[in-house]
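Residues per chain, in single letters:
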Amino acid sequence: MTSTPLDRAIARVDSSAGAPADSLGKGPPAAPPPTETLSPALSYDGSTGELFRLWLKTTALAILTLGFYRFWGRTRIRRYLWSRLSLLEDRFEYDGTGMELFARFLLVVAVVLLPLAAVGLVLQFAGLPLPWVVAGRYATFFVVFFLSLVGHYTGQRYRLSRSLWRGIRGGLDGSAWSYGFRALGYAALGPLTLSLIKPWQYVGLWRYEARYTRLGSRYLVFEGRGRDLFKAWLCAVIGGFFAALGVMLLLALVVGLVLALVFLPGKPTVTPQFVLTVVGGAGVLYVGGFLAVSIVWLAITARFERNWLVYSAAGTRFGEIRFALEATTRDVRRLRIGNFLIWLVTLGFGWPFVAHRTLRFYAKTMHLDLGGIERLSQSEQPSRPPASGLAELFDTAGFA
Amino acid sequence: MPDFPATYVDGATALRQSVRASLGEHGIALAKPEGGHITTWGYDEISVLRDEVAHGPLRLAHGLARLTVDSPEFAAALYAAAPRLRPDTLPGRLRRAVTAIAGSVGAVAVLWLTLPPLTQGAVALIPTAAEERLGDREVEGLRILGEPCRNAAGQAALDRLVERLTAKVELPFHAKVMVKSLEIVNAFAFPGGRIVVLRGLLDQAKSADELAGVLAHELTHTWKRHPLRHQMASAGIGVLSEMILGYSISGNLGATIAELTYSRAEEAEADAGALVLLRQADISSAGFADFFERLNHSAEASIPAYLSNHPSPANRLAAVRAGAVEGSTPALSPADWIALKRICADVPRRAPPSRGKAP
Chain W
14 MTSTPLDRAI
24 ARVDSSAGAP
34 ADSLGKGPPA
44 APPPTETLSP
54 ALSYDGSTGE
64 LFRLWLKTTA
74 LAILTLGFYR
84 FWGRTRIRRY
94 LWSRLSLLED
104 RFEYDGTGME
114 LFARFLLVVA
124 VVLLPLAAVG
134 LVLQFAGLPL
144 PWVVAGRYAT
154 FFVVFFLSLV
164 GHYTGQRYRL
174 SRSLWRGIRG
184 GLDGSAWSYG
194 FRALGYAALG
204 PLTLSLIKPW
214 QYVGLWRYEA
224 RYTRLGSRYL
234 VFEGRGRDLF
244 KAWLCAVIGG
254 FFAALGVMLL
264 LALVVGLVLA
274 LVFLPGKPTV
284 TPQFVLTVVG
294 GAGVLYVGGF
304 LAVSIVWLAI
314 TARFERNWLV
324 YSAAGTRFGE
334 IRFALEATTR
344 DVRRLRIGNF
354 LIWLVTLGFG
364 WPFVAHRTLR
374 FYAKTMHLDL
384 GGIERLSQSE
394 QPSRPPASGL
404 AELFDTAGFA
Chain Y
7 MPDFPATYVD
17 GATALRQSVR
27 ASLGEHGIAL
37 AKPEGGHITT
47 WGYDEISVLR
57 DEVAHGPLRL
67 AHGLARLTVD
77 SPEFAAALYA
87 AAPRLRPDTL
97 PGRLRRAVTA
107 IAGSVGAVAV
117 LWLTLPPLTQ
127 GAVALIPTAA
137 EERLGDREVE
147 GLRILGEPCR
157 NAAGQAALDR
167 LVERLTAKVE
177 LPFHAKVMVK
187 SLEIVNAFAF
197 PGGRIVVLRG
207 LLDQAKSADE
217 LAGVLAHELT
227 HTWKRHPLRH
237 QMASAGIGVL
247 SEMILGYSIS
257 GNLGATIAEL
267 TYSRAEEAEA
277 DAGALVLLRQ
287 ADISSAGFAD
297 FFERLNHSAE
307 ASIPAYLSNH
317 PSPANRLAAV
327 RAGAVEGSTP
337 ALSPADWIAL
347 KRICADVPRR
357 APPSRGKAP
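Residue numbers (this note's numbering), protein chains in the order written: chain W, 14 to 413; chain Y, 7 to 365.
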């Protein structure tokens, strides 16, 4: 039996959770540190009530200002979330401002949105030959997709550069374009490989991002290989495929039964009520089917996602500081399904609560070994790179 | 001078130190617990970290250095010494909120006011050939209006009617009218002289004169480029909302028909133009007026569709009646009218999706 870092990480987590520790005695050469030196040094004490009141206030102001306040609202919510997270009893700090977000958004409107809009108007109204119009629409979609990947990275750079702990500023170096091309490559390979590329995508993108992520002058390092996670992902894909098929068959069975009940007694009279019932039933079925398939998919891929979290934590170092994530598949499943439902019900406007739950999850499950954290020093040039207008324009601006 | 226990990081390393903080005349003095001055922060150099929570210790920043003091007395004394650091008062916050709301609404209003001239300019930029292609594409793309009715004799009669209506005016484009099989009482003008009459409207028309009135009206809409202007304005509003709210992949074709809902001024313009076309074609406007009157009366009952994109206040009918024009011959010969009525004979009936709603 080969012993990959994942096996070791999972074995360690299982053993600490009380499972038989049969793989511990083998003494793998590069074993992660024993669990005892890692402690849950993170804590999160955000309150759902406080967050909800702040969210109501900022959302109301965003509506009253026809959307303009959202930059300031997002800043206030981040300030709250960051300040509720603490490491060794010192709270994190977010020092971004709404104005810098807004100013950068305006710049990107001028430089990116208006040219895109001009192309869109020409495609719509100039009466170009149809193939050109179709090609133009695809090209626009491609550009937007690529820029949103770039924006994901610049957004992350912005947020990290406004994050402080004990006065030490975070940051993310590296090239957003380079990251964008990598992410684009993986996204293109996804459909070609029936999504089997996913473990390499996770590992490859996190390796790039981790290498440039810093707090003060110290950088993260991630070592890992996609193939260590391949088996878990293959199981998830196969399981997910059959489960989705099962859900659809079940729905088809329900539809068949309903149709039989309606039509067997004789030809029904087509009244407006009847049509309304049929249309309504189809709508309920569509939404219900989407919900059921999504939730089943999230439930089944939770094992892989949990393995990835455990694996990436075990493979990531911050100087001499090491990480371990101790979560069960059930924890991850609950986190992801809950977050999905919040997104869906609030149409994305509930992102603070997604962030809130996610921070709480990490604070609960992340263990660190913090020897020597006092020696962490400020970067030579504490920098405040500009805010990410792309993240604001394409709304990839999550919280973390 | 009382001093307070505090924790301090100097902004260079993450080393956390216990210190004593005391408030002096010009700033906060920090000293080691065992004695020994560390630094003094001038009152005008420090800021208070606000975390959207009213509770918890006071956190102060001086550059990247941080000081945490868990003492309400310290906070009160600090605010007394440096009133600038006090939390915002409610009236101050309300005033800022009102300013922000007024400013935002004003900015959007200014942007909104630039739309009509921009739309007008953009419409002027579109060449006729492009407008015709646009209209063709839209007519083709709107499958929801049913199948095109292509009976040759019927189409020939329809073309003759259009020819008669437009013979004496200089239209910038070649008008193309077709009937589609949806059984809703409505007719649509598209850019570039493209017009779709629905079978439901053709069935409701009692004479060729009635249909001629509707056609003259729709011809004026497209002649005055109302459809193109509406689509331009709608696209402009889309861009404007993206400028404010961020990019969205909208591409909403469904809005095309909604864009065809005309304003009262445009309806009046189309009615006046219709009367001109009818007069020049020597067709009586009585049919036009009768048709409207019937629609207005039955609007509550079954056929409000036409009125859904052609708003029809009572004074519109009065205006058409007042400007009545006489005609010497019916719009079409009886044989042509019968042929036109049968234009959809080869196409299966297409019932509306639900009662009386516009698509």
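Because the hints were derived from the structure by calculation, they are not lab data. Given the structure is predicted, the values throughout are model-derived calculations rather than measurements. Don't be surprised by glycine CBs; every beta carbon is placed ideally from N, CA and C. There's no promise every hint is true.
[Said to hold, decoys possible] Some chain W residues well away from chain Y (every beta-carbon gap over 10 Å; in silico): (1) SER96; (2) LEU120; (3) GLY133; (4) LEU143; (5) GLY180; (6) LEU202; (7) GLY239; (8) ASP241; (9) ILE251; (10) GLY294; (11) ALA295; (12) ARG343; (13) ILE350; (14) GLN391; (15) PHE407.
[Unchecked claim] Selected chain W positions facing chain Y (in silico; Cβ < 7 Å): (16) LEU69; (17) THR78; (18) PHE81; (19) VAL124; (20) LEU126; (21) ILE181; (22) SER390.
Task: Hints violated by the structure (numbers, ascending) - done: 1, 3, 4, 5, 14, 15, 16, 19
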